[in-house]
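Each chain, written out:
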Amino acid sequence: MNPEEIRQVVLEILERIAPDEDLSELDDSVPFRDQMELDSMDFLDIVMELRKQYRVQIPEEEYGHLVTMDSAVDYLTPRLKDASSPA
Amino acid sequence: MRYDTIIIGAGLSGLAAGIRLAYFDRSVCLLERHTTIGGLNSFYRLRGRNHDVGLHAVTNYAAPGTKTGPLSKLLRQLRLSWDDFSLVPQCGSRVDFPGCSLRFSNDFSLLEQEIAESFPSQIDGFRRLVAHIAGHNETSLDRESQSARAVTGEFLSDPLLIDMLFCPLMFYGSATPHDMDFSQFVIMFKSIFQEGFARPREGIRRILKHLVRKYRELGGELRLRAGVKQILMDGERATGVLLDDGTVIEGENILSSAGSAETLRLCPTLTSANETDPPGEISFVETIFSLDCLPASLGHEETIVFYSDTEKFRYDRPTDDCDISSGIICSPNNFQYDEPLEEGCLRITALADPDRWMDLPEEEYLRRKEDWCSRIARAALSHIPDFQPHVLDTDMFTPRTIRKFTGHLNGAVYGAPGKRLDGRTPVDNLYLCGTDQGFLGIIGSMLSGISMANAWLLR
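The listed protein sequences correspond, in order, to chains Y and B. The first sequence begins at 1 in the numbering used here and counts up one residue at a time. The second sequence begins at 1001 in the numbering used here and counts up one residue at a time.
In case anyone wonders, no lab produced these hints; they're calculated from the structure. Since this is a predicted model, take the numbers as computed values, not measurements. Beta carbons are placed, not taken as given, at the ideal position from N, Cα and C, and that holds for glycine. Check before you lean on any hint, since a few could be wrong.
Under the rule of at most 16 Å between Cα atoms (straight-line distance), these lysine to aspartate or glutamate pairs were calculated in the EDC-like manner [to be verified]: (1) Y:Lys52 / B:Asp1025; (2) B:Lys1067 / Y:Asp22; (3) Y:Lys81 / Y:Glu5; (4) B:Lys1067 / Y:Glu15; (5) B:Lys1067 / Y:Asp42; (6) B:Lys1312 / B:Glu1117; (7) B:Lys1067 / Y:Glu37; (8) B:Lys1312 / B:Asp1323; (9) Y:Lys52 / Y:Asp42; (10) B:Lys1214 / B:Asp1025; (11) B:Lys1067 / Y:Asp34.
Computed, partial: chain Y to chain B, Cβ under 10 Å [unchecked claim]: (12) Pro19; (13) Asp45; (14) Met48; (15) Arg51.
Next comes chain B alone, as it looks inside the complex (with noise of 0.2 Å):
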């Protein structure tokens, strides 16, 4: 059988783009790698608790019933209601850095204040900086890249300031360190201040379930442990794709959310492809602490504490394994949950350097996450309060468990610093969805696949 469209990666994007293809009538063949779906975000269970790896919030929340905005845009185009997500809104997060803290929630209106409070020469600018972001079309596939820090800087002047707003825009989706592009600056600004966070209360399984569910119904075709060794190429066109059992599947059009380089590679044809497309390099880990108590009866009631321990925020490559002078501290039990989740759990982020995790051996590998387990729970006490006498496991993910579980390259979570928005790429029927087209957060991704799927398969 020939597909109409090949799909790689059944993660957020290539299953959104799936649905909108098999809702349309077209034949979709959906490829995983992986024995289980969702790539970057996706779900595992150790020692009888379920985690979720990548989402810490859905960003870009919106009531149920809002009719305009991302995440009411993705329901619509899935033709999905909004008891599929069951988003619940957070409890309040805030930005601490040394000597001052801003805290935020889904109403924009407490930023605000805050940096009127603590930034009082500066809340005028800020105000017409909002204004800025509220007239600049960020989702235009053909926008000049400008540099956010720049831009900003027209209108703030207090660099503590631009820091900790940046901190939780660049932690939560820069492929790029120290500065951002101005659209992916506005992308982030309003889906994490403006619109906000929530989280459904089974995690991102709940997302997922219902994307792979709706996909199904409509005949779209899902198989798991099927990678995709190679793309077939006849002259400038790419005919199908060679499994890594050696199953040749036949399309008129591939779809790869595997990333910009990663795909390019798979083209035998392709040579120059690492010179345009350089893989990102920015990477995390993230430590998971289930707890005997919930984090509000500690006293910790937010839902995620950005920190930064120097003034100047840093984001970029670490010099050491990790850099644990700037983190993020999650507790997915910090929304507004009729009923509070049956364990207490944190999960705390920070920057690592994907070379120095990669190719460890075993017994150095498990000694380094385990050291810095502790380092990083260390850290984030001046930050939350002692949690440490609570904890009932642990367990952490690196740069080389995301390198296994989403192919790209160095770990790089946020993909290559360089965007393909229109998803084109040098092969005429091969096309990029996902993080490395540049639509951001759980939200983003799927439209990301929404988009492309719109704009190239559908026509």
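Next comes chain Y alone, as it looks inside the complex (with noise of 0.2 Å):
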């Protein structure tokens, strides 16, 4: 997947968690929690969604990546790069 099929990707995980957010004013660049009601517990589920869906493993002390959809993104695209988009 190139960078913005992943970014595609995060969105529709953070769609899944949060159904009530509107996300189509996201700001890729400020944390998640500072647009959203994004408690530890669904923070925890982006990390198993995609563990889930693309079983990438992403260790407790790197969960830090995740904040926002832009370091998402970078910290996502040599883990990706070979799976393939959801058609």
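Dock chain to chain to rebuild the complex, using the hints, since each chain is given by itself in its own frame.
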């Protein structure tokens, strides 16, 4: 997947975890938590959804990479480059 | 086959845990001794009528689309939609004590206003108590226990107001007599007074139906009539379970909603279990009156009335079969439905002494049920209009019924007085969820299953 496809994957995960949020105005450079109601249980679900869907294992000390959309896409790009985009 | 997790009990907590585990591709086997799901919050059909057990109302109400709070968190975690539970808000409730009534609704300002009018000297203290509650982290799994009466006593001085506030909170969730842990008090205060009551038009069936459907769609396995006789051990670890019919099921982990004393008793090598986790002894009887008219047509429009006929509210094990000096009167009709329910119904609940009900000979058991049923109805008449000429049918459950369907020793509705908040037991890979883990109410019990699955079984 390319960065744009990975962004879409993260967006879909956020939609699934927080269906009552409007994500159309999401600012990719600002932490998710400052833009939406996301508690630690929800945050853990981003990690779990990535593992469920793409078998990416993210060690706990690297969760910090997932705070904004930009940093998440940067972090995931090398790890998901061989994964195919959900059609 | 060896499962990742075996769950004991298909009540709300077990089902919710099962959904989380199955969603994240764990193999799960959910075992239920009875012929149907639900446990403490279940349903049955009798003489052509559908009844709920447990659920009077779902607490923790929030309007669809709310982004914070326990209900929203629960729906997110289970990937359910607001429509799935279709919660309809209450019409308004009341705490009724001698010479004083406090109304409350899902709008917290009503309670505040009622307290300001009835207890003008207490309202400032009450507001400070509310601020203190807002700042308290009640869901922390490693919190210290504090007496709720001691803490509220720092803010309020009128014993009548204190007991009127404690009455609904204790009735809806205290496993301990007289007092409760302050964090439990906060959980109950928020869920009842600040978030409020609601109910699906179809009652608990609707919630259970969506949970079990979701669980099965995700590949979870549910076995009914599968009572666990023993937890099998190899040294310090549980290896699986032995069912009543002799079947052995193996699992990496076990999550039990059977209660702490009840679960530890299933482990043959743990002999000291009784001393460390005594079972609870707060139990109830409930009478269900089916009416030939809607309660509103008799002038009763409130959802739930919590009453005490004495200024000092007694919440403990009664010295008689039942204690009808206090009780809960709930009408499933009195929620803001678009279409009224077809038939009127009142459910009246009172504290009961488990021991006096457990081992009665059948005939005497039925006679006492009938006797207390009419005494409970008469006691309620000091608080609601006379409904007795309109009764079409009655049914009653007792501590004995609760023990039969939940396995809780003593029919202890809210489980053991001591909670195991982190869900751990003396056995490494055996965890607790549900009543004895310590989150309360319909939403709380599901969050209990979710929290324990997240904490121990999804790492």
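Going through the hints against the structure:
1. Y:Lys52 / B:Asp1025: With a Cα-Cα distance of about 7 Å, the restraint between Lys52 of chain Y and Asp1025 of chain B holds, given a limit of 16 Å.
2. B:Lys1067 / Y:Asp22: With Cα atoms ~11 Å apart, Lys1067 of chain B and Asp22 of chain Y stay inside 16 Å; holds.
3. Y:Lys81 / Y:Glu5: 10 Å, holds
4. B:Lys1067 / Y:Glu15: Judged against 16 Å, a Cα distance of about 13 Å means the pair holds.
5. B:Lys1067 / Y:Asp42: Judged against 16 Å, a Cα distance of about 12 Å means the pair holds.
6. B:Lys1312 / B:Glu1117: 21 Å, violated
7. B:Lys1067 / Y:Glu37: Cα-Cα ~6 Å, so holds.
8. B:Lys1312 / B:Asp1323: At roughly 14 Å apart (the allowed maximum being 16 Å), Asp1323 of chain B and Lys1312 of chain B satisfy the hint.
9. Y:Lys52 / Y:Asp42: Distance ~15 Å between Lys52 of chain Y and Asp42 of chain Y Cα, so the pair holds.
10. B:Lys1214 / B:Asp1025: Judged against 16 Å, a Cα distance of about 13 Å means the pair holds.
11. B:Lys1067 / Y:Asp34: Roughly 14 Å separates the two Cα atoms, so the pair holds.
12. Pro19: 7 Å, holds
13. Asp45: 7 Å, holds
14. Met48: 6 Å, holds
15. Arg51: Since the shortest Cβ distance to chain B is 8 Å, the answer is holds.
Consistency note: the structure conflicts with earlier hint 6 alone.
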